[in-house]
Amino acid sequence: MRTILILIKKEFLQVFRNPLLLSILIVAPMVQFMIFPFCADYEIKVLDIVFIDHDGSSVTQDIIHSFDASDIFVPHGIIHNKKEANRMLKHDKVDIIVEFPNHFEQDLMNGNATRIAITANAINTTKAGIGVGYTQEIIGGYMQEFKEKNMVYTSAEETPANVNLSYIYWYNEQMNYKNLIVPGILVILVTLIGCYVTALNLVREKEIGTIEQVNVTPIRRWQFLIGKMIPFWILGMAEFILGIGIMKLVFGITVQGSIPLLLGITAIYLLVMLGLGFFISSVSENQLQAMFIVLFLFIIFVLLSGLFTPTEGMPKWAHHINYLNPMSFYMEVIKKIVLKGSTFISVQKETIILSVMAVLVNTGAILSYQETSK
Amino acid sequence: MNSIEVDHLTKKFGDFVAVNEISFQVREGEIFGFLGANGAGKTTAIKMMSGLLQPTSGKAIVAGYDVTTQAKLIKRNIGYMSQRFSLYNDLTVFENMQLFGTIYKIPRTELKQRIMDSLAALELTKQANLLVNSIPLGWKQKLAFATAILHKPKIVFLDEPTSGVDPIVRREFWNLIYQTASTGVTILVTTHYMDEAEYCHRISIMADGNIRLLGTPEELKQQVGVSTINDVFVEYVKH
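Going down the list, the sequences are from chains A and B. Numbering of the first sequence is given in this note's numbering, commencing with residue 73 and proceeding in unit increments. Numbering of the second sequence is given in this note's numbering, commencing with residue 58 and proceeding in unit increments.
Isolated chain B, as found in the complex (with noise of 0.2 angstroms):
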C-alpha cells in the first residue's frame, strides 16, 4: 500500500517554479529520500505533503488524505521535522515534548510514560530538564526527531535532519530512523549527504524543481555507471 502518492504536484512563487510537476509513490514503511542541491525544491515540495503550503496545481494523497481540502486530518497522521530546528529554546527538553504530545492530543495518563521511554531510547533522560538552547545541536536533532514521532504518525517528514551534526550523531539518527521504520512508519527524508542516500530504500534526484532520477540506490548506480551515489550526483549534476 502507497502511504504517499503525488501526481504532477506543482508550486509557483510568481513566475518561479519551485516545484515542476513531480510525481512518485511512497510505499507504507519505506525510507525515501530526497536529494538535491540547494534550492532544488525539496523543502517546498515537503511543505506541500505536510499541509503548510497549498500546491499551485497537481494533487497529493498522504495517509490517504488529499493536500489541498484534508490539511488537517493529514496533519494529524504525520510527523515533521523542519530543516532549522524549531522547537522552544527556552523551554525545557520535557517541557518541548508535553507541548507537542498534548497538542497531538496523547492523552495525560499515556504522554509522561511516552516521553520518558523516549528519551531512554535517545539516552536524554538525563538532559530532561535542561532548556533546550543549552543542548548541543546533535541532541536538538535527535529530540526534534523524537518530537516529531511522539505522537507515532504513519509518516515523518524529515528536512535535512542530520545537517550540521557530527558523523556519530548522524550514524546514531539513521540508526532511530530505521527503528522508526521497521515499525511500519514511512519515513520521507531530504538529505545533502550522498552517503547517507545508500540508507534509503529508493532515492529521487531532484533538480531545479523536477525529479530527474528515482530508483533504488543500486539501480541508480547501474543506470549511471558508477560506484557510489555521490558519483551518480556528481556525473549527474555534470549533465
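If we strip away everything but chain A, and leave its shape as in the complex, we get (with noise of 0.2 angstroms):
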C-alpha cells in the first residue's frame, strides 16, 4: 500500500512539473471542446443563392423576395445570363441556382404547364440536398398562397387540403447537431487522457531508461501499474467532470439522467482505455510507436462509434467490429445517459460489457509487462 501510495506522489509530482504534459491534459482538451463543436456540425446555416430571371414578372419578383425573409439564404441578385450564374457556382460564389423561365407568368395564369430549374453544387452533398430542400419549400409554400389567391374553385375537391403535418423530435428537440456531437467529444477526451497520455508515459520511462531502476527493485508489476494507473484515472475523471461542466455552461447541455451513473460507468471505460494505454505501451519500443498504434485505433473507434455517422447505417461487418469496439458501448450509455435520461437498466448491457472488456485489457497489459526481458 506504500508502495502504491508513493508511485501515486511521484506520478502527481511528475505530471504537475511538466507543463507541456499538463497543458495537453487539460487547456489542450478544452480549447478543442469550446472549438470542435462549433467545426463539426451539419447544420447550414449559410446558402448562397443566384436567380436567372427570364420572364422579370412580378410573380418572379414576389418569389425571389420571399428569399429575402430566410434566415439561411444569401441572395446575390438577378442576373440574366446563365454562362454568368455558372461561372458563380464554379467558383464557390454561390451554392444554388434558380432559374424563371420566359413567359413563366403568363404560363401560371393560363394553367399551362411550367417549370424552373434549381441548380446546386454537389460537392458537399449534404448542403446541396438541404439547399435544394429549402428551395422548394419556400418555392412551394409561394406557389401555395398563389393558388388561393388566384385560383376560384369550382368543388370541394379542388380544395386544398388542410393538412398540417407537425413534428416533435424526441430526446433532442431542436434538432440541435450540438446536443450530440458536445458528449460525444467528451467521450474522445476521456478516450484520449485514458489511452494516449497513459501510453506515452509509461513507453517514455522505457526511453529514458528509468523503467530500469524500477524493475530491479523488488517491486510487484501489477503495483507499479497501479500506481500508474491511479493518477491517470483521477485526471481522466476530473477532465469528465470538468467537461460536464463545461457543456452545461457553455452549450448549455443538462445530463437528463443520473449524474453518479455517469460517473459510474464513465469510470469503468477509463479503466478499459488506461489498459490498453499500459498494454500498447508494454508491446511498443519507443512513443513513437506507441503513438502510431493509438492513433490507428483511435481513429477505427471513433468513425465506428456512432459519434459521426449513425452505426445504424453501417454494414454488418462493421457492426461486428464494435462488439470489440469499448468507445461505441460507450458513446451509446452517454447519448441514453445525457440526452434521453435513461435509467441503469436500459445501459444495463453496455456497462457489464465495458466492466468485462476492463477486466481482460487490464489483466493482459499485466501480463504484457515484462519486468526480466528475455
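Among the clues, some could well be false.
[What the hints assert, rightly or not] Keeping only pairs whose Cα atoms sit at most 16 angstroms apart, straight-line, the calculated EDC-like set for lysine to aspartate or glutamate is: (1) A/K446 <-> B/D72; (2) A/K81 <-> B/D147; (3) B/K129 <-> A/E217.
[What the hints assert, rightly or not] Taking CB as the label site, the calculated pair distances span: (4) B/D174 <-> A/I313: 39 to 49 angstroms; (5) B/T67 <-> A/K421: 52 to 62 angstroms; (6) A/M73 <-> B/K129: 16 to 26 angstroms; (7) A/V322 <-> B/N186: 11 to 21 angstroms; (8) A/M73 <-> B/H65: 40 to 50 angstroms.
[As the list claims (entries may be wrong)] Chain B regions said to be covered by chain A (calculated; three or more residues, Cβ under 8 angstroms): (9) 107–115; (10) 146–160.
Source of the hints: derived by calculation from the structure; they are not laboratory data. Model, not experiment: these values are computed from the prediction. Using N, Cα and C, we set each Cβ at its ideal position, and we do this for glycine too.
These two chains come separately, so use the hints to put the complex back together.
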C-alpha cells in the first residue's frame, strides 16, 4: 500500500512539473472542446443563391423577394446570363441557382405547365440536398399562396387539403447537432486521456531508462501498473467532470439522467482505456510506435463509434467489429444518459460489456509488462 | 563465502553471443572489477546477475539465490546503478531517494533519517530539494550510488559509474566504494578507466563475450609482464 501511494505521489509530482504534459492534459482538450463542436456541425447556416430571371414578371419578383425573409439564404441578385451564373457556382460564389423560364407568369395564369430549374453545387452533398430542399419549400409555399389567391375553386375536391404536419423530435427537440457532438467530444477527451497519455507516459520511462531502475527493485508489476493507473484515472475523471461543467455552461446541455451513474460508467470506461494504453506501451519500443498504434486504434474507434455517422447505417461487418470497440458502447451510454435520461436498466448491457473489457484489457496489460526481458 | 557464483553463464540474442559461458566467483566484501572494451558483454552479464535479463543457459547464484528462478529475492538483496543515469530527472534529490527507499520497504520512521545521513555523507544535503536535472553529472552519479545502497543491499552492481565525470568526483566515488565495501558489501563494478582497475581487489578482462583474464591486478601484471593494468589491457588487446 505504501509502495502504491509513493508511486501515485511520484506520478502527480511529475505531471505537475511538466508544463507541456499539463497543457496536453487540461488546456488542449478544453480548447478542443470549445472549438470542435462549432466546426463539426452538419447544420447549414448559410446558402448563397442567385436568380436567373428570363421572365421578369411580378410573380418571379415576388418569389425572389420571399427568399429575403429567410435567415439562411443570402441572395446574390438577379442576373440574366446563364453563363455568368454557372461561373459563380464554379467559383463557389453561390451554392444554388434558381432559373425562371420565359412567360413563367403567363403560363401560370393560363394553367399551363411550366418549370423552375434549381441547380446546386453538390460537392458537399449534405449542403446541396438541404439547399434544394429549402429552395423547394420556399417556392412551394409561395405557389400555395398564389393558388389560393388566384384560383376559383369549382368544387370542394379542388380545395387544397388543410393537412398540417407537425413534428416533435424526441430527445433532441431542437434537432441541434451540438446535442450529439458535444457529449461525443467528451467521449473523445476521456479516451485520449485514458489511452494516449498513459501509453506515452510508460513508454517514455522505457525510453529514458528510468524503468530499469524500477525493474531492478523487488516491486511487483501490478503494484507498478496500479501506481501508474490511479493518477491518470483521477486526472481522467477530473477532466470528465470539467467537461460536464463546460457542456452545461457553454452549450446549455444538462445531463438528463443520473450523474453518479454517468460517472460510474465513465470510471469503468477509463479503466478499459488505461489498460489499453499500458498494453500498447508494453508492446512498443518507443513513443513514436506507441503514438502510431494509439492513433490507428483511435481513428477506428471514433469512426465506428457512431459519433459522426449513425451505427445503424453501417454494414454488418462493421457491426461485428464494433463488438470489440469500447468507444461505441460508451458512446451509446453517453447518448442514453445525457440526452435521454436513461436509467441503469437501459445501459446495463453496455456496463457489463465495458466491465468485462476492463478486466480483460488490464489482465493483458499486466501480463505483457516485462520486468525481466527475454 | 562467495556472494556471487557464476557458472557457464551465456546470453544469446539470436545468433549473436553476447556473453559466452563465463564462470567466476566473487567473495563477500570484495571489489570485483569488470573490464573490457565497449560491446565486450559486461552490461549484459550484469543485467543477468541482477535479474533484469534471463540467461540463455548456464547458472548464476547471487546472494544465495538463483537468477533464473528467484529473481525477486535477488532484487531485494542487490543495489544496481545503470550505465545510463536512470533516476527521475523531474523529481528532487530527496524525492528520488524517498521513492526508491519506500519501494524497498525501508520503514517510514527510519527512511528520512537514512536519506539525510546518506546525503550528508555525500555532501549533498544542500541539494536535497533541487530537481535532479538541475545538478551536475558528477553529483547525479553520487546520488545514483547513494540511492542504490540506501536499502543496505548485500551486493551492489555498478555499471560504468564514473564514465563522464571529472577526476575529483571519480576519486570521491572510489572512496565511497571503499567505504561501502568495508562494511561487508560486495561490489561488482565495470569500468573503462584502467587506473580504476588498480583499485579493485580482483579484475576480469572481457572480450567478445568471454572472460580472457582474471586475477588480482598484481597477478595480471606479472602474468603479462608489464607494470600497469593499462599495459595489460593494451598488450592483451594486441593479441
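How the hints compare with the structure:
1. Restraint check: the Cα-Cα separation between A/K446 and B/D72 comes to about 14 angstroms, which is no more than 16 angstroms; the hinted pair holds.
2. Between A/K81 and B/D147 the alpha-carbon distance is near 13 angstroms, which keeps this suggested pair within the 16 angstroms criterion.
3. Only pairs whose Cα atoms come within 16 angstroms are accepted, and B/K129 paired with A/E217 is rejected, the gap being roughly 88 angstroms.
4. Distance hint check: the CB atoms of B/D174 and A/I313 are about 44 angstroms apart, consistent with the given range 39 to 49 angstroms.
5. The hint said 52 to 62 angstroms for the Cβ distance between B/T67 and A/K421, and at roughly 54 angstroms that hint holds.
6. Distance hint for A/M73 and B/K129: a CB-CB separation of about 19 angstroms, consistent with the stated range 16 to 26 angstroms.
7. Checked against the hint of 11 to 21 angstroms, the C-beta distance between A/V322 and B/N186 comes to roughly 41 angstroms, which is inconsistent with it.
8. Checked against the hint of 40 to 50 angstroms, the pair A/M73 and B/H65 passes, with Cβ atoms roughly 42 angstroms apart.
9. Counting residues of the region 107–115 of chain B whose C-beta sits closer than 8 angstroms to any C-beta of chain A gives 5, which meets the bar of three, so the coverage hint holds.
10. Beta-carbon proximity to chain A at under 8 angstroms applies to 9 residues in the region 146–160 of chain B; the threshold of 3 is reached and the given coverage holds.
Hints 3, 7 from the list above are not met by this structure, while the remaining hints are.
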